[in-house]
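Residue numbers (the working numbering), protein chains in the order written: chain A, 1 to 627; chain B, 1 to 473; chain C, 1 to 169.
Calculated directly from the structure, the hints in this document are not laboratory data.
Watch out, some of these pointers could steer you wrong.
As the list claims (entries may be wrong) - Cross-link-like lysine-lysine pairs, in silico, BS3-like; alpha carbons within 27 Å at most: (1) A:K534 / A:K369; (2) C:K166 / B:K347; (3) A:K558 / A:K576; (4) B:K443 / A:K27; (5) A:K27 / B:K357.
Letter by letter, the chains look like this.
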Amino acid sequence: MEKSTFIALLPAIPLFSFLVLALFGNKLSRKATGFIGAGSIGIVALLTLIIATEFFHSLPQIKTYTVVVWEWINAGNLKVNISFSLDSLSLVFCFVITFVGFLIHLYSIAFMAKDEGIKRFFAYMNLFVASMLILVLADNILLLYLGWEGVGLCSYLLIGFWYKEPANGYAARKAFIITRIGDTAMIIGIFILFITFGTVNIHELMQLASAKWASGSSIAVITAALLLCGALGKSAQLPLQTWLPDAMAGPSPVSALIHAATMVTAGVYLIARTNMLFSLAPVVQFAIAIIGALTLLIAGFSALAQHDLKRILAYSTISQIGYMFLALGVGAWSAAIFHFMIHAFFKALLFLGAGVVILVLDEEHDIFKMGGLRKKMPVVFWTFLIGSASLSALPLITAGFYSKDQILWFAYSSESGSLWLWIAGIVGAFLTALYSFRMIFIVFFGESKTLPSFNAGKLMTVPLVILAVLSLIGGFVELPESFGNFHPFSKLIENVLPVVLIKDIGNLEILFQLLSAVIALTGVYLAYIIYFKKPSLSASFNHSHLNRFFEKGWGFDKLYDTLIVVPVVWLSEIDKNDFFDWMNIGLSKLALLLNSLFSITQNGKLRWYLMSFVIGIAFILTFMLYK
Amino acid sequence: MTETDFLCLTPFLILALAPIVIMLVISIFRNYEIVFGFSLLSLILAFAALFFIAPAIPHSIQPLFIIDMYSLFFLGIIFISAFIVALLSYNYIKRLEGVREEYYIILFTSTLGAALLAVANHFVLFFLGIETLSISLYILIAFQRTKDNSIEAGIKYLILASVSTAFLLFGMGLIYTAFGSMMFSEIATAISLQGPLTSLAITGFGMMLVGIGFKLALVPFHAWTPDVYQGAPAPVSAYIATVSKGAVMAVLIRFFFNIKGFDDHYLFIIISAIAILSMFIGNILAIRQQNIKRLLAYSSIANMGYLIIILLTGTNKGIQASLFYLISYFITTISAFGVITLLSNAKNEAEMISDYKGLFWKRPFVAIVFTLALLSLAGIPITAGFIGKFYVIFEGMKAGLMLLVFAMIISSVIGLYYYLRVITTMFSPAGETTLPQITFMGKFTLAAITISILILGIYPGWLIDIITRFVGL
Amino acid sequence: MSGNQFMFYLFGAVIVIFSILAVTSRKILRAAVFLLFVLIATSGLYFMLNYQFLAAVQLTLYAGGIVVLIIFSILLTSHISEKFEPIKPQKSIFSALAAIIGAVLCIITLLDYNFKAGNAIAADLDMTVIGKALLSYKYDGYILPFEVISILLLAAMIASIVIAKKIKK
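Use the sequences and the hints to build the structure in full.
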């Protein structure tokens, strides 16, 4: 068998196990469920490894594998195949989806062990992995959209996983509806592309777009902006970021897999995949950078004010994706993908760690009711510390340093970069260090307030340790020019994505790195002072209006409520009885009325039936004879 | 008579011989299983015989019979449907008190009547076919004679069918008076020679409409349908809804297209009115119906309303659409009544919607079969019913029958309501009723029918190809 | 008025009057007897048309066989003195209306039709010709419908046996 056909197996295997779990779930034991659920992802991870070795062997000759599974739609000039293609960009995403996904699935076996919905959980999770793989492997934009909506659906199902709590259902709907706003814009963009170029193949589309559309032409700008809207919704960027903190209502492995490592970065993937289109619309691309910078700041401040452990991480995710958008915006494509990968490691780690903490403390989310857990759960503490260090980009030893530092450097030095973007990034980095270690100091140090009810088993801690190792050494695949100058990762990515263009400003990189290292360390030290040494300092701040403003996510929810939800509800309220409703209600009323009228004729009496014969024939003959 | 004549008559001979053989067997040794097995075998033989006569057609045995591809096609679906009905009847009839083997004798005579209609080219055969079918149906309907409902339904059908036959016969007589022939083709020639229809001919056609409208349950000759469907044994209801209506439809299409009835402006208006009334009255009456058999009866009224739109297209493509629609309607209806048959036990007929409460949780397989059947009746995509409806609408629009097509779409929307109501009942929390176990044979039959509903819904091309080959003249 | 015409109107009057009596009579046995007169008068019409065979069949089968059968079954199943419920006026109004409309339509249709006297000589249809045509298997033979009728009768017979047979407990 050709190795390239394995590509089709990647989404097929989890899809199959989803079907098995969904159809025969109630005949399977809990053990078998976990085995199938996690095992299928394990197999997919292995397959990815096989494909990756094949891929690296053939480098640098073959850049893309394509496999056509079957013809999906063939209507007029719309021809869509179910076909997958794999290049280095998809490979990185597949790697993260399958490996991090596998670790999270393993962890979930223990995490969900006592939950009655375990079958449903694994079925949804497998469906998610399948959809996500379809998304990143799709070679046409329609199939990509199928995966895109598939992951959205799974996200909805899993946020509302514990559906008996109405608030969870609300959070799920919110996530679904807000991302839908972006999706609608995106599908319009897809239509424009299809109508203009008559194909849905992404590669062809990009070639045609760069050949036929002038740079900065309005159609290119509009299309790019529409696609960007889709990316903003999915990746929870300004102004569609409000759903992600609420999405934390789902189980922690869901937050780790969907709302940190993979799905929320689909927007990054989309923009990277269609980078040629964005290159044609410099305005939009610059807007991405601005949006990224703003988002990372706003979310950073909000993270600082949260009480709920998972909401801190949620805002942190928004903020980190903001960094990726910043990198995309300044054309540092490979830096964005690099940060995506590293972020997947440490953020999955943090969510899984938080999941353990919350689980053993009997669903306690409030960090101020935790404390002193350092001794009680050393493995979780150390891995969480590593994750936070990587998130805060502590210099040299953590992977986060290498990835974030690259973004900061390009934010200034790339052709479209500027000092302001860099300042936003560096302030964000400071905030990141501050809120990360705020978590560490409040949750793991100090006196203990709630006691763990049990110890986490091996199945939970092993994935934590593996992810912690990756969060430390994952950065060594790409070392900055200032030291090491080792670039296998960006070489790999630059097979598909353009190389970042650097302004000629001399070799200042080392200076910037020093600055950001100092800033990160300052953040950590400040967190130590405020939250550990002198908690009174933070306590006084805790009740300020500003803090509340930050905690509510800068009041975006309230703003949308007053600006959009209330007027729309008001409008639909006064429009409740409009003409069309009257028509619908009238039709059903009429049908019921006629029903009771006609029912009189169905009285079971033979003479009536005969009479209807006679009346019928009388009418027919009278009409036909005396027309 | 020539050898070819005999060859072409083989399926009919088999159908005529079978009841006599069964009768003899019963008189010597009464055994339900043997009779059942023999019946299935005979139906298979009759079906197989169709393949042998295929090379000899088109062939006509003057003046009554015409055996062409079109009749062959109808014979095929009549035999298959009768076969499936016989299969589904096995348990249902077995548990009845009193005589049971005779059921299969009557099933054969009625199938013979239906088959004759498919080859009729002459009023005599038309009338004899309808009568053979009707007389057999009286008794099939009243077969559960210990039940008042059943007897009542039988008597109602007997009286109403006699009246309708009287009209039919009178109509035929008048037409014979007007044109001097009873052969379809000769009548057609006479019409084209004489010019506009005389009042005698018009009255004749109008009266024939009563007889045909009764058999097809078209408004205003529809009132018997719910009572008879309800009282008759469930497999017999399936038989009436499919074989009986299909056979009458076969002769109607042949006659109507022979005489080019669609060209007569007033006949056109009358049939349009009947079609629209049937669609709306059928669907509206079903809205609040609590009895599934009655509900399906109303649904069949509406479905026949959709189907006769095709008469007015006057094109060969229209006939093809009607054949597709008939097949999808056949399998869907048999599947729905099959579920009712299999879920009924000796004491209790599973005919109320409330009996199906929570069916999905107790018998997921049957519930899915029933759901698909109802969705197909409602015309939801990926089912055969959708393609059938689509095909009819498509041909109707091509022929410019906008009003009819519009009425069909609106009334389909109304129809959706009651189909979905049954479906939601099946998926609601389980009720108290106990349901009988379903035999393997029943499950197998249902599965086969359901798969064919899906296949026709997803990949209708092959059937359309076959139909085109049969009537693509 | 010739004798022929007189006979025609006589038979016609008998048919109409006794038909009305048959459906309006409240005693079932009387209704059956009225029906008998209708059938006999009809056979008279056939005789006038020189359809001796049809007239004979009409007499023996309908008048002789079926009506006698009806009378027998009435005598076996109900009392002679039994009377039907009087029909409610509103019901009879509807029926009368339907009957009148039907009659009017028929009359108008018939009057409207341009009946032409044919110049063909009435064929000499004696029993042998009819019998041979019915049983002929050659062109224009009616053996096949004849056989179908036998199956039809078989079905009717079995049907009545099935419905009448006692259920063994």
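Right, here's what the structure says about each hint:
1. With a C-alpha separation of about 18 Å, the suggested pairing of A:K534 with A:K369 holds against the 27 Å cut-off.
2. Taken as a hint, the C:K166 and B:K347 pair is honoured in the structure, with Cα atoms around 20 Å apart against an allowance of 27 Å.
3. Annotation: proposed proximity of A:K558 to A:K576 holds, straight-line Cα distance about 25 Å (limit 27 Å).
4. The suggested pairing of B:K443 with A:K27 holds, with an alpha-carbon distance near 21 Å, which does not exceed 27 Å.
5. Distance restraint check for A:K27 and B:K357: the Cα-Cα separation of roughly 23 Å lies within the 27 Å cut-off, and the hinted pair is therefore satisfied.
In summary, the structure agrees with every hint in the numbered list given earlier.
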